[in-house]
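Novice: Sequence:
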Amino acid sequence: MANTHHNWAGLQTIEQREAALLAPYAMHSSQSAGRKYPEQSHPYRGPFQRDRDRILHSSAYRRLSHKTQVFTGVPDDYHRTRLTHTLEVACIARTLGRAVRLNEDLIEALALAHDIGHPPFGHAGEDTLDECLRDQGGFNHNRQALRVFEVLETRYPEFPGLNLSEEVLDGQRARVDKQVAPGRLQPLLEAQVVDAADGIAYNAHDADDALELGLLRLDELIEVSLWRAAAERVRRRHAALSNADLRRAIVHELIHWQVSDLVETSLSVLGPSGLVDAQAPPAIDSPAAARRLPPVFQASREVDEMKAELAAFLFEKVYRHDDVMEVRQRMQGCLREMFDRYCERPELMAEGFRGRIEREGLERTVGDYLAGMTDRFALREYRRLFPLKAQ
-4 MANTHHNWAG
6 LQTIEQREAA
16 LLAPYAMHSS
26 QSAGRKYPEQ
36 SHPYRGPFQR
46 DRDRILHSSA
56 YRRLSHKTQV
66 FTGVPDDYHR
76 TRLTHTLEVA
86 CIARTLGRAV
96 RLNEDLIEAL
106 ALAHDIGHPP
116 FGHAGEDTLD
126 ECLRDQGGFN
136 HNRQALRVFE
146 VLETRYPEFP
156 GLNLSEEVLD
166 GQRARVDKQV
176 APGRLQPLLE
186 AQVVDAADGI
196 AYNAHDADDA
206 LELGLLRLDE
216 LIEVSLWRAA
226 AERVRRRHAA
236 LSNADLRRAI
246 VHELIHWQVS
256 DLVETSLSVL
266 GPSGLVDAQA
276 PPAIDSPAAA
286 RRLPPVFQAS
296 REVDEMKAEL
306 AAFLFEKVYR
316 HDDVMEVRQR
326 MQGCLREMFD
336 RYCERPELMA
346 EGFRGRIERE
356 GLERTVGDYL
366 AGMTDRFALR
376 EYRRLFPLKA
386 Q
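Under my numbering, think of the first position of the sequence shown as -4, with each following residue one higher.
Simulated from the structure, these hints should not be mistaken for lab results. Be aware that a few hints might be false.
[Said to hold, decoys possible] Only pairs whose alpha carbons sit at most 30 Å apart, straight line, appear in this in silico DSBU-like list of lysine-lysine:
| no. | residue 1 | residue 2 |
| --- | --- | --- |
| 1 | 302 | 312 |
| 2 | 302 | 173 |
| 3 | 173 | 312 |
| 4 | 173 | 384 |
[As the list claims (entries may be wrong)] Using C-beta positions, here's what the derived DEER-type ranges look like:
| no. | residue 1 | residue 2 | range |
| --- | --- | --- | --- |
| 5 | 36 | 382 | 45 to 55 Å |
| 6 | 36 | 278 | 40 to 50 Å |
| 7 | 16 | 172 | 25 to 35 Å |
A virtual CB, placed ideally from N, CA and C, is assigned to each residue, including glycine.
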């Protein structure tokens, strides 16, 4: 009985703290729909903090440190990996969430989860696995993250997967199908914040990495209106900067500007206390009320137009750069050959995956095995499977 009372008292403290800090439209721990496999509440950690901790301690999360963000095979350590990108998204998302009084624990859990289903070699690897698994429903990194959380991670004796809260799983499901049909609810505001932070992070940091690699020149990027406007803001504060210092300052300004823009546009809808003005619809007094609104975390029209221009520029000049495409095609060829070889000889896979074949099917099991690999492990496996080709 004493232990039960201790847990109850701790939960009340969490509820009271959230009641004091969070807006009415935020997802409070006491409102959680719970977990598929019921668990006793923790004495001093809320449900979303536990989700965050489980994701962070998972093997799939650790592997992000050696998975490509954009640039495969880069020989130095400056450029972003999936892990550093994930941490940058979490940082930006928490800043946004705190500014509008959302649940930061839930935001961080969603941010740490958002790219955990990526295979090796970035989107090149994803496209290849989607092609290889076409007859089994294809492959999508957002859907694969759900498989990681619900099936593939086996860290607890009480249940399969990580047994995350319904809110984290629903947030990830919303990423699988981003086209919200008329009449359907939008994702929780915490999930919308993570999507917005993701866009801010990769637009700024992919360009920064491309500059470091020499795929772009700073003068080219400053011709793009978003970077040009950010550069003008920086130069008004700092008259003379080297190109390297100017580049770093512009990246900082891009993030600050876009976050500030989102805070302003979202609060114009939500209101600083979670209530709208007298001429607006009824008060946004719950997460459910917020989900019935159109998407809240939208850039202003001016910034949105400039972001679209930057995205088109990066697609053409960076993501489809000849050097990037050459490596992409080579890595895709390696992954296709590995998929075929494992399907022909499943005994070459790790023992834990061989045991899944009867339950999950051969092709899906091979896809899961490949998706969990880091870039360097995949290349090492390729050399083992095809020693003559890898010479």
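Novice: Now tell me, hint by hint, if it's right for this structure.
Specialist: For each hint, the structure was consulted:
no. : hint                   : result
1   : 302 <-> 312            : holds (15 Å)
2   : 302 <-> 173            : holds (19 Å)
3   : 173 <-> 312            : holds (26 Å)
4   : 173 <-> 384            : violated (40 Å)
5   : 36 <-> 382: 45 to 55 Å : holds (54 Å)
6   : 36 <-> 278: 40 to 50 Å : violated (30 Å)
7   : 16 <-> 172: 25 to 35 Å : holds (32 Å)
Comparing the model with each numbered hint stated earlier shows that hints 4 and 6 do not hold.
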